[in-house]
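Engineer: Chains A and B are the protein sequences, given in the same order. Here the first sequence is numbered in the numbering used here, starting from 308 and rising by one per residue. Here the second sequence is numbered in the numbering used here, starting from 2 and rising by one per residue.
Note that these hints are calculated values from the structure, not bench results. Among the hints, erroneous ones may be present.
[Claimed, not checked] Only pairs whose alpha carbons sit at most 20 Å apart, straight line, appear in this in silico EDC-like list of lysine to aspartate or glutamate:
no.	chain 1	residue 1	chain 2	residue 2
1	B	Lys-29	B	Asp-61
2	B	Lys-122	B	Asp-144
3	B	Lys-88	A	Glu-325
4	B	Lys-149	A	Asp-410
5	B	Lys-113	A	Glu-482
6	B	Lys-149	B	Asp-177
7	B	Lys-88	B	Asp-73
8	B	Lys-29	B	Glu-237
9	B	Lys-143	B	Glu-106
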Amino acid sequence: MHHFATTGINQRNSRTQELFRLLFMMMTVLLVLPVLIIMVTLIYKGGAIVTLDFLLSNPLDGMTAGGIFPALFGTIGLVTVALLVSVPIGVAAAIYLSEYASDTWLTRLINLAIINLAGVPSIVHALFGVGAFVIFFRFGTSILAASCTLAVMTLPVVIVATRESLQSVPMAFREACWNMGATRWQTIRRIVLPNAISGILTGVILEVSRTAGETAPIMFTGAVFFTPFLPQSVFDQTMALSLHLFVLSTQVPGVSEALPYGVALVLISIVLLMNSASIGFRMYLRGQKKW
Amino acid sequence: MSSDFAIAATNVNFWYGSFQALFDVNLKIRRGKVTSMIGPSGCGKSTFLRSVNRINERIDNIRIQGSIHVLDKNILDPDVELVQVRKHIGMVFQRPNPLPISIRENILFGYKIHMSTRASKRQQDDIVEQALQQVLLWDQVKDRLHHKATGLSLEEQQKLCIARLLPIKPSVLLMDEPCSALDPKGTEAVEELIWELHNTFTILIVTHNMAQARRASEECIFMLMGKVMEHTPTQEMFVTPKKQETADYIEGKYG
Ligand SMILES: Nc1ncnc2c1ncn2[C@@H]1O[C@H](COP(=O)(O)OP(=O)(O)OP(=O)(O)O)[C@@H](O)[C@H]1O
Ligand SMILES: [Mg+2]
Numbered sequence: 308m309h310h311f312a313t314t315g316i317n318q319r320n321s322r323t324q325e326l327f328r329l330l331f332m333m334m335t336v337l338l339v340l341p342v343l344i345i346m347v348t349l350i351y352k353g354g355a356i357v358t359l360d361f362l363l364s365n366p367l368d369g370m371t372a373g374g375i376f377p378a379l380f381g382t383i384g385l386v387t388v389a390l391l392v393s394v395p396i397g398v399a400a401a402i403y404l405s406e407y408a409s410d411t412w413l414t415r416l417i418n419l420a421i422i423n424l425a426g427v428p429s430i431v432h433a434l435f436g437v438g439a440f441v442i443f444f445r446f447g448t449s450i451l452a453a454s455c456t457l458a459v460m461t462l463p464v465v466i467v468a469t470r471e472s473l474q475s476v477p478m479a480f481r482e483a484c485w486n487m488g489a490t491r492w493q494t495i496r497r498i499v500l501p502n503a504i505s506g507i508l509t510g511v512i513l514e515v516s517r518t519a520g521e522t523a524p525i526m527f528t529g530a531v532f533f534t535p536f537l538p539q540s541v542f543d544q545t546m547a548l549s550l551h552l553f554v555l556s557t558q559v560p561g562v563s564e565a566l567p568y569g570v571a572l573v574l575i576s577i578v579l580l581m582n583s584a585s586i587g588f589r590m591y592l593r594g595q596k597k598w
Numbered sequence: 002m003s004s005d006f007a008i009a010a011t012n013v014n015f016w017y018g019s020f021q022a023l024f025d026v027n028l029k030i031r032r033g034k035v036t037s038m039i040g041p042s043g044c045g046k047s048t049f050l051r052s053v054n055r056i057n058e059r060i061d062n063i064r065i066q067g068s069i070h071v072l073d074k075n076i077l078d079p080d081v082e083l084v085q086v087r088k089h090i091g092m093v094f095q096r097p098n099p100l101p102i103s104i105r106e107n108i109l110f111g112y113k114i115h116m117s118t119r120a121s122k123r124q125q126d127d128i129v130e131q132a133l134q135q136v137l138l139w140d141q142v143k144d145r146l147h148h149k150a151t152g153l154s155l156e157e158q159q160k161l162c163i164a165r166l167l168p169i170k171p172s173v174l175l176m177d178e179p180c181s182a183l184d185p186k187g188t189e190a191v192e193e194l195i196w197e198l199h200n201t202f203t204i205l206i207v208t209h210n211m212a213q214a215r216r217a218s219e220e221c222i223f224m225l226m227g228k229v230m231e232h233t234p235t236q237e238m239f240v241t242p243k244k245q246e247t248a249d250y251i252e253g254k255y256g
């Protein structure tokens, strides 16, 4: 017998250890399962219908045939305008909270408001959007109103993602700047933002891509079941993929089974594409950065 | 105020919340000399240094009383512009903290902030070269001025952190344990540099290294629990300390 031989305690410990490892691994695999099932089903049932032609042509025969171009165009437009509204506001707010504000009851109140805003159900956002943007600001039911509603909904995540990127810039850099007499703004502009911007962009895209699939908030504020025309400006109404999918599956009789699956596949692909792009971009930038 | 002194602190009391870190600190730091500050951990050395360029103020909940005259002006007065305080009083930290931009941009950072007119490319080159020459770093980095400063060795980074203060021509340099992250060779190099600079600037340096205080300073301040115990020429302090506490500390009886 030497000092390093296995004892009974070692064996029992390593059996328990193995058991828990397997348990945790199984849970992790379980996590992947729904995603896989959804993707496989969608591709299996709707994959055949998704062609370039499907993406680029108009719906036909009361939406029971043809393509999805107006809806695809509408979704991209809605998300883009929503980003244009929420990113400047959210980033500015995050900069204020993380770089300027000191810890007072007011900033605590603001943080509380942000957390609560994130918890508001999307149907409530939808009704708020109708009241605020459609009626009060007189945007009418339009892309602008719908995008603003989406923007309000995504503000909390934009703020949180931005704040996290800002806070990942080491405090020592800020101190170094202040010590040379830089103002807060000079510090932010020359050092903090350049180092945080990649994280902000990718974080924001990652979070906001989810809104591509939102239905309730756009349903009453700017998206319509069907319109034969593409929107000419942000004051027009538009079709959108999410609503289109909802309509196809619940409102229109005689739709071929493949059609809704195809739409769902496109919708999911948009989200996945945005996510992968931002994750790839993030990894690339992380490799570039060294401090 | 006699202008023999670059810094004159009178009855400075300092609180972090309800915790008092400095008690009636009275100090006069001679112009154009190196003064070292020693004392056990937590005795308030950094707190004093950070009060002199008012960097403490970014912490919520601090309170300071008394006056700190730098160049014959009380920097705690309400009519004092913080940016100017920081311009005239440079600070070097324990951990080198170059900015994550190029070596060249690091040197020009402060200059660009404080100069109202844009310097030509030529002038900027001169500024960069002069500053790096002064800290004895030019020869090592002249071929990679556009590389990120964060890629330099710690010793080079610390020299760079000193160099980037020079173009804005501060009068006082505060150094908070500038060598403690460096190896013996780096320490020696930076000490040498401090010695080179001491005729041009007033230098106040905090150190835990007795030998360093002894080698590199003309006057020495010993602090204990937020109070100044002794302030004498360095040789005197190390040979004939006036107070028992000082003697004990120098002999290594505190941590
Ligand atoms: N931000 C802060 N908030 C509360 N207390 C603080 C803060 N910074 C320092 N202190 C306290 O003030 C006292 C003095 O701290 P200071 O950093 O000035 O000591 P020091 O002499 O520089 O010590 P060291 O040699 O370890 O650097 C310590 O007791 C410390 O715990
Ligand atoms: Mg300290």
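Engineer: If a hint holds in the structure, say so; if it doesn't, say that too.
Structural biologist: Hint check:
Of the supplied pair hints, the one linking Lys-29/B and Asp-61/B is violated, its CA atoms being roughly 28 Å apart against a limit of 20 Å. The hinted pair formed by Lys-122/B and Asp-144/B meets the criterion: a straight-line CA distance of about 17 Å does not exceed 20 Å. Restraint check for Lys-88/B and Glu-325/A: the C-alpha separation of about 61 Å exceeds 20 Å, so the hint is violated. At roughly 34 Å between alpha-carbon atoms, Lys-149/B and Asp-410/A are farther apart than 20 Å, so this suggested pair is violated.
For a cut-off of 20 Å, the pair hint linking Lys-113/B to Glu-482/A stands: about 17 Å separates their Cα positions. Restraint check: the Cα-Cα separation between Lys-149/B and Asp-177/B comes to about 24 Å, which exceeds 20 Å; the hinted pair is violated. A threshold of 20 Å between alpha carbons decides the hint, and for Lys-88/B with Asp-73/B the separation of about 16 Å falls inside it, so the pair holds. Restraint check: the Cα-Cα separation between Lys-29/B and Glu-237/B comes to about 17 Å, which is no more than 20 Å; the hinted pair holds.
Between the alpha carbons of Lys-143/B and Glu-106/B the distance comes to roughly 13 Å, so the proposed pair stays at or under 20 Å and holds.
Hint check: violations occur at hints 1, 3, 4 and 6; the rest are consistent with the structure.
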